[in-house]
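Student: The lines below spell out each chain.
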Amino acid sequence: GENVEQHPSTLSVQEGDSAVIKCTYSDSASNYFPWYKQELGKGPQLIIDIRSNVGEKKDQRIAVTLNKTAKHFSLHITETQPEDSAVYFCAASKASGTYKYIFGTGTRLKVLA
Amino acid sequence: NAGVTQTPKFRILKIGQSMTLQCTQDMNHNYMYWYRQDPGMGLKLIYYSVGAGITDKGEVPNGYNVSRSTTEDFPLRLELAAPSQTSVYFCASSPMGQGVTDTQYFGPGTRLTVL
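So the sequence lines, in the order shown, correspond to chains A and B. First residue of the first sequence: -9, per the numbering used here; consecutive thereafter. First residue of the second sequence: 1372, per the numbering used here; consecutive thereafter.
These are calculated hints, taken from the structure and not from any lab test. Just so we're clear, the structure is a prediction, and the values are computed from it rather than from any experiment. Errors might be hidden in some of the hints.
[Claimed, not checked] Computed cross-link-like contacts, DSBU-like style, restricted to lysine-lysine with a CA-CA straight-line distance of at most 30 Å:
hint, chain 1, residue 1, chain 2, residue 2
1, B, LYS1385, A, LYS32
2, B, LYS1415, A, LYS27
3, B, LYS1415, A, LYS32
Please model the complete structure; the sequences and the hints are all you need to start from.
Tutor: Written out as structure tokens, the structure is:
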């Protein structure tokens, strides 16, 4: 069945360093890839997304890259700050009429001051 | 806009009890979803709806029921609660198919414990 693998499950970085989280998807028909940030006790919030017709997208300190051939996409956070500490989820979706997401298992990011 | 709201925030049930988790969105989105999130895991889709009167099963529908009588509301019903249903439940909505975006917007969640 459809699957999204996400690595690493936990990641600790020093404040100011970069963080990279990677996801691999199984369904080659997937064409939409959002990233969500979930803070403790809250619902997931979209931070960035990318479509399959684009290889890279950037929004200030956050960027996402997509490699359709290898079926993987990555979240890059530069100049990390303590407020970046949270759980990050990737997801994959396809325009099949139901637009269901398949989520990765999450990465807990800790930014050490 | 309040976005997606969920009630209650927390609930403890005894085995065999029933309850309804409420979800309301004020963004006029046609798609709505219910997910459960178990510790250390991603979100699993329970049920979804593509519009009022239309619902369908997701990955883990057993033990749950839904209805969608209006665009705004998408309640999730638990019948005969079991300890395996202890989880955090998230409702989401999306303007899919409305020519805007595929993004799903999530509510704050309901933490349910079944003892």
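Student: Output the indices of the hints that this structure fails to meet, ascending.
Tutor: When the structure is compared with the hints, none of them turns out to be violated.
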